[in-house]
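Asker: Reconstruct the complex from the two isolated chains, following the hints.
In order, the protein sequence lines correspond to chains A and B.
Per our numbering, the very first residue in the first sequence carries number 1; after that it's consecutive.
Per our numbering, the very first residue in the second sequence carries number 1; after that it's consecutive.
If you're looking for bench data, these hints aren't it; they were derived computationally from the structure.
Quick caveat, the model's predicted, so the values are computed rather than measured.
Watch out, some of these pointers could steer you wrong.
Stated by the list, open to error - Pairs of lysine-lysine, DSBU-like flavour, derived with a Cα cap of 30 Å:
hint: 1; chain 1: A; residue 1: Lys-240; chain 2: B; residue 2: Lys-110
hint: 2; chain 1: A; residue 1: Lys-187; chain 2: A; residue 2: Lys-265
hint: 3; chain 1: B; residue 1: Lys-41; chain 2: A; residue 2: Lys-48
hint: 4; chain 1: B; residue 1: Lys-193; chain 2: A; residue 2: Lys-240
hint: 5; chain 1: B; residue 1: Lys-268; chain 2: B; residue 2: Lys-41
hint: 6; chain 1: B; residue 1: Lys-136; chain 2: A; residue 2: Lys-250
To be verified - Not everything, but these chain A residues come out facing chain B in the computed CB check (under 8 Å):
hint: 7; residue: Leu-42
hint: 8; residue: Asp-43
hint: 9; residue: Thr-44
hint: 10; residue: Asp-46
hint: 11; residue: Lys-48
hint: 12; residue: Ile-50
hint: 13; residue: Val-80
hint: 14; residue: Cys-82
hint: 15; residue: Leu-119
hint: 16; residue: Tyr-148
hint: 17; residue: Val-199
hint: 18; residue: Ile-201
Ideal Cβ positions, reconstructed from N, Cα and C, are used throughout, including at glycine.
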Amino acid sequence: MAFCYNFPLKTDRKLGVYLAFAKALFLITLLTSCNSNTNVHLDTVDYKRIEINDSLAQEDSIAQFIAPYGAKINQEMNRVLCYNPKSMHKNDTPLNTALGNMLCEIIVEQVNPVVKSRLDTNIDVVLLNHGGIRAPLPAGEVTTKRAYEIMPFENEVVVAQLNKAQMEQLIKYIVDRERAHPFSGMKISLNADSSLNNVSINDQPLTEKIYYVATSDYLYNGGDSMNFFNNTTVTKTDYKIRNAMIDYFKKVDTLKFESDNRFTKAN
Amino acid sequence: MKRSTFLKSSTAAVAGMGLFANFSTATSLYKVSSITEKSKKITILHTNDTHSHIEPIVGGRNDGRGGVARRAALVNQIRKENPNTLLLDCGDIFQGTPYFNFYGGELEIKLMSMMGYDAATIGNHDFDNGIDGLYKQLPHANFDFVISNYDFKNTILDGHTLENKIVTLDGIKIGMFGLGIELDGLVNKTNYKETKYLDPIDIATDQARILKEEKGCDLVICMSHLGYSYKSDTVSDVSLAAATSNIDVIIGGHTHTFLEKPELILNKEGKNVVVNQVGCYGMYLGRIDLYLNETDINNQAGTVYNL
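Bound-form chain B, shown alone (with noise of 0.2 Å):
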């Protein structure tokens, strides 16, 4: 395969501000796709706020969508495409529908399992049940929870959680790392108990730097459930990709919002990160394609984002 996309964008770029926002360097404006059979192509697919969402949502204005086993269909149809597949969730499993009420979580993470999620990090309404409860639903879960900011050495969960998780995938060395969002305020303190939420800026820099710097990660993705963006000054996907660097992909949650396409947010550095969330209840699957190929170091273009 030989495709060569012109940026979208290169014509109307004149007219706007958009432009710097959407390409970080100059010569990245220039760019187009070099896509061959050589480049090699990760396929992230992700979910947030499903909240305990199994079936399909039965009547009002999104009547019909969602529904676990067609949400199992089609990622199984895009795995045989792409094996080279992450399929992500970000947070807020638990809590909506009386599948929660009835059964604690636990056909929410089995059908996860089933599903071959590769990671999830922690919502708030993850504690609903307790920490207890949450722990209690773990053995059900054959991938990982992947969590940077809650440091849960005083309670039940230390030791079950990961701070951050890289995989390998044809060759392309993908580090992961969670951010949760503030429990005080949001979450009884009884359910939450001893969990300590560490700054996640702080937090998100450190870990991006390790797995990209020490650990030589091609790729740095976020799993966020920290929201999207605020107009107080909470600390949200938005701002946190703007006040970090070595992130290449940000996927959120928290906030339900309904994002048509990712946002391309510039770094600390000036590069692009991509920040994207996909609403709630399992009515989308979000799927970031992403191209890699292997060139010399000094002669690294930008980067192409058909979004």
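Only chain A is shown next, with the shape it has when bound in the complex (with noise of 0.2 Å):
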């Protein structure tokens, strides 16, 4: 759109500067008073929010070109992987559940073929949160769908290393919160107090050395305020957990996890 100002011309010089600088001062007169340099004028503005529910009529040419995608991700998420002969729930028993030790075992089983090839070493200890089991598994044929209910997340599996302070404070979280949060690879007993009685890493005692823990980078980043992971050094898996289960069922025939006395209490 043009300026909406026009000057006669005129051939004589002096009137021609003198347009020149009235033009000028009438420029920024303009552009300083009303900041545009249109004579379009936004006049009305009407605003509709609209639900988009089943009263609207749906594009059937979309609806189609959906379809088949949709018919697709069914039969995958319907495909059935292995069988679990009971139920499993995260509330199941109190401190350790055959729903979090196995989540433990297949991070241990799937993911360590990838930590040996990146850090030529095994995994001592996985942990992983409570709080990031969505879903319970029922008992009967297990498919793909419940290992996205189970961790409709994104997270993947990373190794952090912790030296012996570190794992102190890992351990003090656990024995703190006394929640089933899963881990594999320790042992830990509690007293009727609450206070720690035992704990042992594969067995042996904490030692000064350097624990390849496994866990989820959501809680490496420091959910569920698991701050013993700040500034520790950590490795990527590019393994989704998701991904671990999905692959995990997929070998196996039969599901066969327990609770056990990894964790607990003195009564």
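Answerer: Structural data, given as structure tokens:
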């Protein structure tokens, strides 16, 4: 849009200079006063928020385009990967659960080869969080969908390197919370007053060395206040927890997981 | 069509602090709509944070809401009503259903192309399969990714996004630019790689000035994934509106804020900016109708906001 002013053209030079000066002045006034260089004016603004619901028709061509994509997902989601003989819920037992222990075992089994190749070592300890288990695993056929339900997030396994002092903080966290945060590679027993009785790591006492702790990138980055991971060296595995589950379920025929004595409390 | 709409709050205005938040100049207090056959009407349709929600939601409190096939039908119907319509998205197209896990965003982008999106900005979750994962889906997009404050120079996306876009509809020149949120701390560095985040207020100030003053746009629209508003001093759509000038409309995302209607925020020059966001998961479509008149530049009263 053009400026909405027009001065008559004159050949007189003096007048020309004068006009140019006036034009400049006018332009400055124009820019500062209305901040618009067009003569199009926004007169009215209307708004309507439209809810997308079943009162609206659907565009058939779009629905048809989506259908095969959806069908493939359903087919994959409903694919039976293995069998689970006993229902597992994250609140089945107080300090460790079959479901939590399963997740830790799966990480050791699936991710260790990656850790071996990237760090030339094995995972010493796995630590996840109780809140991160988003659904139970019912008894019966285990489908891909179940893995998505238990682990809807895209979290990946990472391996942090903790020294003895940092491990002590990790253990203190578990002891203080007294909750079924899933872990493996450690055995922790509490006294009746909830104080720490004994801890061993892979049947050895805690010593001055580097421990390789597999966890999720979410927890490593401070999720659930797991601050003992702060400033520790970390290695990515590029392996999503959910994918580790799916790959494991495909590999085995029947799941066999139980709660055990890895985390106990005296009566 | 001749319509005269008196300002809704002109009687209640006496009561209110809200008075001057709604109407930028004293003269506009008495402004009535002067929509005629000569008026031009631009419709902006917008979505944000659709998060791979292709099908309507099943279960929960949002059961039955959303669905791309319905959105498409609605958009087509509105376009029939007014061909001078823009369809825009404010990011976080990816992540949220198995459609993303299975197809990496391919279907989301293909459907947006089929629906005739004109432009989209980039959200943090659009990096969830890495910058390479986003790049991989670009061939499926027949719309532009407009993002002004990410410097992709040392990344694979270099040259594949626009820092602004100008569209002329019915003779009305509409300038758009896009703003993304700070990625550090929100997205894994290995995913966004060498993407540089630039200050959104600086960039918005520049882009809006370029579009309005240098390029002579009649309307300037900011597509943002900064988030609607924060208690902290983190830059948001609301703080951006107040800290800049030359922007007419900010449509946003990221915070999944369900606004029933847009908020009017006074900009640096005391002019109104329409700020809106429509929640998430494609449950709502925002429709902003803008009526423009060609008038004498010295005789332009305020704008009526029927919000």
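Asker: Decide, hint by hint, whether the structure agrees.
Answerer: Consistency of the hints with the structure:
For the suggested pair Lys-240/A and Lys-110/B, the alpha carbons sit about 26 Å apart, so the restraint of at most 30 Å is met. Taking the CA atoms of Lys-187/A and Lys-265/A, the gap is about 11 Å. The hint holds against a cut of 30 Å. At most 30 Å may separate the alpha-carbon atoms for a hinted pair to count; Lys-41/B and Lys-48/A meet this at roughly 15 Å. Restraint check for Lys-193/B and Lys-240/A: the C-alpha separation of about 20 Å stays at or below 30 Å, so the hint holds.
Only pairs whose Cα atoms come within 30 Å are accepted, and Lys-268/B paired with Lys-41/B is accepted, the gap being roughly 27 Å. A distance of roughly 29 Å separates the Cα atoms of Lys-136/B and Lys-250/A; the hinted pair therefore holds under the 30 Å criterion. A hinted interface residue such as Leu-42/A counts as satisfied when its beta carbon comes closer than 8 Å to some beta carbon of chain B; here the least separation is about 5 Å, so the hint holds. Proximity of Asp-43/A to chain B holds as hinted, the smallest CB-CB distance being about 5 Å (cut-off 8 Å).
Checking Thr-44/A against chain B: minimum C-beta separation of about 4 Å stays under 8 Å; hint holds. Among the interface hints, the one on Asp-46/A holds; its C-beta lies about 4 Å from the nearest C-beta in chain B, closer than the 8 Å criterion. The beta carbon of Lys-48/A comes within 5 Å of a beta carbon in chain B, closer than 8 Å, and the hint placing it at the interface holds. Taking 8 Å as the C-beta contact cut-off toward chain B, the hint placing Ile-50/A at the interface holds, the least distance being around 5 Å.
Interface hint at Val-80/A: violated, since its Cβ lies 17 Å from the closest Cβ of chain B, which is beyond the 8 Å cut-off. A distance limit of 8 Å between C-beta atoms decides the matter here; for Cys-82/A the minimum to chain B is near 19 Å, and the interface restraint is violated. With its C-beta approaching chain B no nearer than about 17 Å, Leu-119/A sits outside the 8 Å limit, and its interface hint is violated. Annotation: interface hint on Tyr-148/A holds; nearest CB of chain B at approximately 6 Å, less than 8 Å.
Hint on Val-199/A is violated. Least Cβ distance to chain B is approximately 32 Å, over the 8 Å limit. Nearest Cβ of chain B to the Cβ of Ile-201/A: about 29 Å, over the 8 Å cut. The hint is violated.
When the structure is compared with the earlier hints, violations turn up for hints 13, 14, 15, 17, 18 and for no others.
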